[in-house]
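Since the structure of chain A is already known, use the hints to place chain B on it.
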Amino acid sequence: MTSLSATIQDVFNEPGCGKNATKSEAERKKGCTKQLQPGGAAGGCAFDGAKIALQPLTDVAHLVHGPIACEGNSWDNRGARSSGSSLWRTSFTTDINETDVVFGGEKRLYKAIRETIEKYDPPAVFVYQTCVPAMTGDDINAVCKAAKEKFGKPVIPINAPGFVGPKNLGNKLAGEALLEHVIGTQEPDYTTPYDLNIIGEYNLAGELWQVKPLLDELGIRIFASISGDGRYKEVAYSHRAKAAMMVCSKAMINVARKMEERYGIPYFEGSFYGIQDSSDSLREIARLLISRGAPEELMARTEAVIEREEAKAFAAIASYRPRFAGKKVLLITGGVKSWSVVAALQEAGLELVGTSVKKSTREDKERIKELMGQDAHMIEDMTPREMYKMLKDAKADIMLSGGRSQFVALKAAMPWLDINQERHHAYMGYVGMVTLVAQIDKALHNPMWQQVRKPAPWDRPGESWQARALAQMDAEAAALAADPVATEKARRAQKICHCKSVSLGAIEDAIATRHLDSVEGVRLATDATGGCGACAARVEDILKAPLPPKVAAPALKAAE
Amino acid sequence: MAIVTHAKKACTVNPLKMSQPIGGALAFMGLRGCMPLLHGSQGCTSFGLVLFVRHFKEAIPMQTTAMSEVATILGGYENVEQAVLNIHKRTRPEIIGICSTGVTETKGDDVEGYIRLIRARNPEVAQLPMVYVSTPDFKDAFQDGWEKTVARMVETLVDPVDAGAPIQRNARRINVLPGCHLTPGDLDEIRTIMEDFGLQPSFLPDLAGSLDGHIPDEFTPTTIGGIGVDEIATMGESAWTIAIGAQMRRAAEAMKTRTGVPFRLFERLSGLEANDEFIMFLSQISGRPVPRKYRRQRGQLVDAMLDAHFHIGGRRLAIGAEPDLLFDMSGLLHDMGAHVMAAVTTTHSPVLERVETEEVLIGDLEDLERLAQERGCDLLITHSHGRQAAERLNIPFYRAGIPTFDRIGAGHQLTVGYRGTRDTLFTIANLLIADHEANHDATPGTWRGDGAHGAHAPLGKGAHAPDTLAHVAAVH
Chain A
1 MTSLSATIQD
11 VFNEPGCGKN
21 ATKSEAERKK
31 GCTKQLQPGG
41 AAGGCAFDGA
51 KIALQPLTDV
61 AHLVHGPIAC
71 EGNSWDNRGA
81 RSSGSSLWRT
91 SFTTDINETD
101 VVFGGEKRLY
111 KAIRETIEKY
121 DPPAVFVYQT
131 CVPAMTGDDI
141 NAVCKAAKEK
151 FGKPVIPINA
161 PGFVGPKNLG
171 NKLAGEALLE
181 HVIGTQEPDY
191 TTPYDLNIIG
201 EYNLAGELWQ
211 VKPLLDELGI
221 RIFASISGDG
231 RYKEVAYSHR
241 AKAAMMVCSK
251 AMINVARKME
261 ERYGIPYFEG
271 SFYGIQDSSD
281 SLREIARLLI
291 SRGAPEELMA
301 RTEAVIEREE
311 AKAFAAIASY
321 RPRFAGKKVL
331 LITGGVKSWS
341 VVAALQEAGL
351 ELVGTSVKKS
361 TREDKERIKE
371 LMGQDAHMIE
381 DMTPREMYKM
391 LKDAKADIML
401 SGGRSQFVAL
411 KAAMPWLDIN
421 QERHHAYMGY
431 VGMVTLVAQI
441 DKALHNPMWQ
451 QVRKPAPWDR
461 PGESWQARAL
471 AQMDAEAAAL
481 AADPVATEKA
491 RRAQKICHCK
501 SVSLGAIEDA
511 IATRHLDSVE
521 GVRLATDATG
531 GCGACAARVE
541 DILKAPLPPK
551 VAAPALKAAE
Chain B
1 MAIVTHAKKA
11 CTVNPLKMSQ
21 PIGGALAFMG
31 LRGCMPLLHG
41 SQGCTSFGLV
51 LFVRHFKEAI
61 PMQTTAMSEV
71 ATILGGYENV
81 EQAVLNIHKR
91 TRPEIIGICS
101 TGVTETKGDD
111 VEGYIRLIRA
121 RNPEVAQLPM
131 VYVSTPDFKD
141 AFQDGWEKTV
151 ARMVETLVDP
161 VDAGAPIQRN
171 ARRINVLPGC
181 HLTPGDLDEI
191 RTIMEDFGLQ
201 PSFLPDLAGS
211 LDGHIPDEFT
221 PTTIGGIGVD
231 EIATMGESAW
241 TIAIGAQMRR
251 AAEAMKTRTG
261 VPFRLFERLS
271 GLEANDEFIM
281 FLSQISGRPV
291 PRKYRRQRGQ
301 LVDAMLDAHF
311 HIGGRRLAIG
321 AEPDLLFDMS
331 GLLHDMGAHV
341 MAAVTTTHSP
351 VLERVETEEV
361 LIGDLEDLER
371 LAQERGCDLL
381 ITHSHGRQAA
391 ERLNIPFYRA
401 GIPTFDRIGA
411 GHQLTVGYRG
421 TRDTLFTIAN
431 LLIADHEANH
441 DATPGTWRGD
451 GAHGAHAPLG
461 KGAHAPDTLA
471 HVAAVH
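Going line by line, the protein sequences match chains A and B. Here the first sequence is numbered in full-length UniProt numbering, starting from 1 and rising by one per residue. Here the second sequence is numbered in full-length UniProt numbering, starting from 1 and rising by one per residue.
Since the hints were made in silico from the structure, they are not lab data. Quick caveat: nothing in here was measured; it's all calculated off a predicted structure. Ideal Cβ positions, reconstructed from N, Cα and C, are used throughout, including at glycine. Treat the hints with caution; some may be incorrect.
Claimed, not checked - Pairs of lysine to any residue residues, derived as SDA-like cross-links and limited to a Cα-Cα distance of at most 25 Å, are as follows:
hint, chain 1, residue 1, chain 2, residue 2
1, A, Lys392, A, Ala490
2, A, Lys312, A, Leu215
3, A, Lys392, B, Arg90
4, A, Lys389, B, Arg90
Stated by the list, open to error - Below, a sample of chain A positions facing chain B; criterion: calculated Cβ distance under 7 Å:
hint, residue
5, Pro38
6, Asn73
7, Thr116
8, Phe407
Chain A extracted, bound-state conformation (with noise of 0.2 Å):
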């Protein structure tokens, strides 16, 4: 049994990471997790992250070992869908009150066990752990140990409390979990030369049922799906299977780059995002399957299972051509999803504008990927007004982003869609994306646009409280630009990296005074491009740049 702390930094050294294997060793001790700001942080902890990846499996009763706060605040709301069972969605917790903080809460998360196994009968129950009793010293791997004797039925301690890191870690510690206690402990009934794992793809709004039915025409068989409509018993044979992808790029990485060390399961990182994508990935899959014996043929069904999704997918979004002429999209988002659509987007006739993404060769995709993965940080950190004025001078008619953006897109008038954890449509796959073409038709072309923008009758023109703010902004600027050396200042501390908060004027002196000329001089000089590395397309540029003039030094000493 592997202690926590054991378990995080083992996660840390994950080998199977691009961007860990690019770190040095004292930066991989330190994590691959942003620094979390007092005031300034957002989004989800450790628990959150376990939860989201492992909830998904849908015959499990999920216990959560905490306050209310952590169960009571946030059930029932995830986007996933199951085929079977609703259990998941059934909410278990053990609202520990002060007696329990005082005497410890360990007796009555036994009897909670008991009670969920006795009424609800699950195949297994999943116990998460939260910052409440780690701290105060609950054992839940004892007492799953424990329950899991006298009650026979796998009891899996999830040990990923809150406080010890952000979502991202939870997932990872989720793996473990499932590593650790779940996978290859069943055996299943029989076996095919067609058996794929599909790794960190939660099924949201049932997407992954837009894939489904051409891996079975295919007669390729969804042989453990972790954790999207998947089931226990799936995941506890699913050493078994014949090859892997894995979807949701680094959430997961640790099960899939383990279960190939361990049971010789070879995976690939693909994707259903995006047309050229699924066909990459269906591509993939069939070789993996042939390379562990399947069939030679199988490789040409695939590919004529390609050609015609492919033209009925193209056929279906041409003929929205006419009407996205000369309209352009702000596309905000971190992460592989982004860089999926952006295809799909361009084959509709949309412009793109916001990131840097002209005509994409396959060259430009990992740039690309990284250069959004850095505007996804910094909307971030962006006050409501900056990101108006963003919507503003990218002159975009509609913005595509994550969650929570979109009220300052909304109360801006600006035409949005969810392309997020939280959405209502599935995106997936061909059919997916002739779907979110549809949908940015239905969000861009809806006649309620003119009226919501138009001022009310009694406010004069260029009083709108839009209006103001925007003068406010560019007065801000002017008085800024007079000042050459409040410029010099203000362009100084731009930051770059968001993660370790390192600014251009940082690595610019770094530059000169150590005369650098890699991104990983920077990073040992600065810190810059150290943690989630979507910055180092920037610091690349910065390079390439010539170093601010000589000039400037006088101003810059008076800005320092």
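Positioned in the frame of chain A, the structure of chain B alone reads:
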């Protein structure tokens, strides 16, 4: 008289309850230019934030001290200080409202002491209003967090009035202390009614100013409206305090102790009699006759009650809500002839034993669903988390309370006043009519002997006592 009982089980299933820090944070959201700050790990804030975003469909200002494991053990002074300074620098708030959470209460952080130290060490925030409330997650519920927070606001933000000193009271000015069961829409209705009597109400807190979904006049990362700190300071000049919901007694008493302003508590503002009392009180303190508008609205409510009683009368209600909302809604439907067959709540309150039912259970939605099933309920009222139970029970479901995340317009759901009561009755009656049309219309087989239709024995006072009491004995 209802007996108040506790669910005797170790595992809460399908919680009705939410935690008190976010109840406190919501109260802070009714202050202008406020940034609510939870002292805990970042999940404590993000869960609450998501909950409110989904309920109000608005951007929600809420921050965290982002306590890490190490900071939690060593104490959170640095985190609170950094959070306050960061919020001050980035958002320029007029006030910061701080609530503790389970983690920091388990450690026992002395936040009042921290605030004094932060002020002493950082002159830029020496004058910044900060209110701290102790709200451990492992005690009490959402409503309690709201109750404590509003009382604390009164104790720290209202200028005290010396009992001996002469005070210029403004006869027109009235303090209103609304409970957390009222929506922004309710507050606007109450404001309109009071203004029609020539009164000037000051709402503490005023969610109608901040979370009513209006388009703000400027971009601000803090709350976009609500009552200002300056206005709160002078609440001691008011002639009266009106408290709405029993939870507001604590704040009203604090106001009276601090300023001598007398208060009148209205436990309900939904229903004919409750509003008659309210309107007559306003008429009395304003010295004005009841405006024609409300005479007409009263008539409309009476007519609505006549029309709706055909549908609501005899219904068997299962209701899960926080105490004040439970008391108000169950009372309204009891007044209309419904039978409160199952009542589940989250926390203690003096109103619970006066709920018109046999038993009020402090429990969860699993309990409510089971009781509704056993007692043959045919109307369910609770917040959106009741949706799964409603589906399984296959009975009409009226959503009331926070969170209401699967329907829009929750912030404007109106239940107070003659007009609000009238519309609530219409909505519920229409729900029942639609259910009847969809599920219970007569067919040739309806009366063919299986007794499934309309099989319940008549109910009156005490008529269902034997079976429910037998049940209670069986459960405990």
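Cross-check of the supplied hints:
1. Lys392(A) with Ala490(A): 22 Å, holds
2. Lys312(A) with Leu215(A): 17 Å, holds
3. Lys392(A) with Arg90(B): OK: Lys392(A) and Arg90(B) at ~22 Å, within 25 Å.
4. Lys389(A) with Arg90(B): Holds, at about 17 Å.
5. Pro38: Because about 4 Å separates Pro38(A) from the closest Cβ in chain B, which is inside the 7 Å limit, the hint holds.
6. Asn73: Check passed: Cβ of Asn73(A) comes within 4 Å of chain B, closer than 7 Å.
7. Thr116: This hint holds: Thr116(A) lies near chain B, its Cβ roughly 6 Å from the closest one there, short of 7 Å.
8. Phe407: At about 4 Å, which falls below the 7 Å cut-off, the nearest Cβ of chain B leaves the hint on Phe407(A) intact, so it holds.
Of the hints listed earlier, there is not a single one the structure fails to meet.
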